[in-house]
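A.B. asks: Respectively, the protein sequence lines represent chains A, B and C.
Quick note: the first sequence, position 199, residue 198 per numbering that gives the first Met the number 0, numbers continuous.
Quick note: the second sequence, position 52, residue 51 per numbering that gives the first Met the number 0, numbers continuous.
Quick note: the third sequence, position 274, residue 273 per numbering that gives the first Met the number 0, numbers continuous.
Don't take every hint at face value.
Reference listing, derived: stretches of chain B covered by chain A, where coverage requires no fewer than 3 residues with Cβ under 8 angstroms from a Cβ of chain A [said to hold, decoys possible]:
#1 4–16
#2 146–158
#3 215–229
Keep in mind that the hints were calculated from the coordinates and are not lab data.
All C-beta atoms, glycine included, are put in the ideal place defined by N, C-alpha and C.
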Amino acid sequence: MKRWLPVLPALWLAAFVLLPVILTLKISLSTPATAQPPYLPVLDWSAGFEGWGSFLEALDFANFETLAGDALYRDAALSSVTLAAVATAILALIGTPIAHAMARAPERRQPLLVALLIVPFWTSFLIRIYAWIAILKPEGLLNAGLMRLGLIAQPLEILNTQGAVLIGLTYAYLPFMVLPLYAVLAKRDPRLAEAAADLGAGPARVFWTVTLPLARPGLVAGALLCFVPMVGEFIIPDLLGGSDTLMLGRVLWSEFFSNRDWPLASAVAILVLVLVVGPLILFREDGATAREAGR
Amino acid sequence: MRALDRIALTFGLGFLYAPILILVVYSFNASALVTVWGGFSTRWYGVLAADAPLRAAAGVSLAVALASAALATVFGTLAALALDRGGRFAGRRVFTGLIYAPLVMPEVITGLSLLLLFVGLGLDRGLLTLVVAHATLGLGFVAVIVGARLRGLDGALEEAAADLGAAPGRVFATVTLPLIAPSLAAGFLLAFTLSLDDLVIASFVSGPGATTLPMRLYSQVRLGVNPEINAASTLLVGTVTALVLTASWLTGRKGVA
Amino acid sequence: MASTRAPGPAGLLTCAGLGKRFGAHAAVADLDLTLQPGEFVCLLGPSGCGKSTLLRLIAGFETPTSGTIRLGDTDITADPPHRRPVNMMFQSYALFPHMSVAANIAYGLTGLARAARQARVDELLRLVRLDGFGPRRPDTLSGGQRQRVALARALARAPKVLLLDEPLGALDRALREETQGELRALQRRLGTSFLVVTHDPGEALALADRIGVMEGGRLAQIGDGASLYERPANRFVAGLLGDVNLIPGRVPDRDPGGLSTLDTALGPMRARGAADGEGVIALRPERIALARTPSGDGRALPGQVVETTYLGDRIRLRVRMADGSLWRVSAPTGADAPGVGETVHLSYPPERAWLMPAAG
């Protein structure tokens, strides 16, 4: 009976995860056409081997050449990775003290704190990003508040800039950074910090030499959970970014929905996959080494 | 140091909740201008109640979320059992990779690749393709949650059942399943929420006549801030908060977190 | 190495040539064991000696790499756990947390009518002195109560052999001694064969009719407590069952009269038992007599006290012998106990010392 357990889920995953990705790769090597479906060539199954021959001959790397040659796509790729990396760094900086504080809170209050962190995650992502429009726009609440305090004379242009995208990314992914960090810090033996303090380390040295190194696996997991989906993020740059904020997810979206260039959209998808799979393998190795070292 | 902890928590939770609270407060604003307070009013809830397309979209979303979460729970649990109990089987690494792929793959790629598949198969885009896409997304999350529970299970419990004469089927039904049931419920709830929340994948794989709530909201949000959306958001946030609090109260009370 | 492959009477449970390999590691190797009806046998050994694996092989959770397991005349080697008429009490108890105590005990009682099942559960609850605990959940019970529920559950199907994996390991010391007596009395009353795994020599001595000492996946020796303590098969068995002085030497010739002589660094020493060539004498500390003056027969060995430890009922001494070796001596507590630095003369009755082969 055990032998048959994987069959059903494996069939599902092969059909709806593996096959689609292979298809995307294939179409990224095709040529757009005004047809239904809007790409060439379409494999002619009835033509047998010859059909395969002409099909393979018609495939080319033109879409990837376009991506590499056009500054627009190069900028999009660069700014996707840069924005995701900067946001991940900001998250690590503000997430660590929050997770640390949660782990040090009285034990009976910790479940409540975790619940408070998770509740926003269960509410609509779209709505939470939408809420920031009202805050960040020129006549929005942030500018109104700052002007009433007399800190600025003119409304700041925040909405539709990369700054707004960074705020949105930080806001939306904060729980994904804090939760893995908290999980690691809460399991840690509090006596380790006490032992370090007993040996004469001040609070700062305890944090740098004991707490932070022990929190490393959580930091790696959190960074992974944030960086990877951020690279392909669509909603945040679309709602909060300006027309000049190009991120790969948004480029893919507009190639597909506006330009109806399915092959180019597929090429962008493959590019993102490569950009994402790279750090994934890198971080995985790192995480594995960290776990090994922890033994 | 304790003071620093307090500051970190206040800042963190304030940052998370302020935008949501502002949204809720302004949903009761009499003025149509979002940033100008025009007095308390429930007028936008009236507008919302009369919005038939939005109600229809909510119905589509609920139906898709229920069906896809059910599928995801069944297949995700099978996948978790296969990984935990199946021993070594051919392609185990690929299988594991495919389970985790939808968890980390950006939604635009999941959406695009599934659409290409549906077009290639000649499937009409609509409710069915939505359910399949969301079930695929939820499957991985269910497998992770159920898998964690299975790994935490004391293997001696199932051995004890077999030792007392229970055949494998009875061991599963009377011992394994009741013990992993909380994780199945949690997985279902997560898959349900993910489906209800998804805009990007749905935009790719759904067709005319199958507009989900996020798709409908998105088309309005793109036009700018709108008090009716604030009212809809408040209802959504209130419902979800009540559900999460009830769920955590229930599990906390039974002592099976 | 005491071979137990003697044909003997067909037992209730018979393991023959049993082996289990995990990769390159042999957890159990070429093991023969026979359990008689109504017998209480303890498997004793340090962790990793294969005793738990042996229990799991008999219960059916592991498949042996070689050998057979028979129950009476039936070969059960290939039977899955749920078809074997043996039951196991787990070290962690493995009580189903989502079921009441009564439902736990009733789990194995399929095929009984409702009333009969209820009667059997009540009977078992009485047997382990937990009347009225049926509706409780396992997590509301104390450790000792859980242990008794696990025992009742494992006994519910009236198994021919009950396997117990460290049954008292999770209890604190005071409770453990009390429970030892109860377990022994229960086994006598039921007449069920018990096979118990333990790492505690005191527990094995207190419980078992026979003790099987396991070392590296093999049965080093099996026998009653006294024979293992008095006549160990090798150094490992001698050391496992209590403090012992091991004095190596050579056997010049065998003495058919019963006592052998061993040439040691301290001169010739006599003991029971036998060895060819290299031999070791096992001498328990409490068998050594201690005197301030040399004995009349001149056989007493002189030494100097280097350490004394007061243990209440006796004094433990370490004595440096003429060849530099340290002996442990156990002396009764008294006003005339020698102090550190004093010279003492040690003697022992040769029939209470045991000579065994040096190898093995």
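A.B. asks: Does the segment 4–16 of chain B contain three or more residues whose Cβ lies closer than 8 angstroms to a Cβ of chain A?
C.D. replies: holds (count 10)
A.B. asks: With a Cβ-Cβ cutoff of 8 angstroms, does the segment 215–229 of chain B contain at least three residues near chain A?
C.D. replies: With 7 residues in contact (Cβ-Cβ under 8 angstroms with chain A), the coverage given for the segment 215–229 of chain B holds.
A.B. asks: Quick check: the segment 146–158 of chain B, covered by chain A? Criterion 3+ residues, Cβ under 8 angstroms.
C.D. replies: Answer violated; 0 residues pass the 8 angstroms Cβ test.
Hint check: a violation occurs at hint 2 only; the rest are consistent with the structure.
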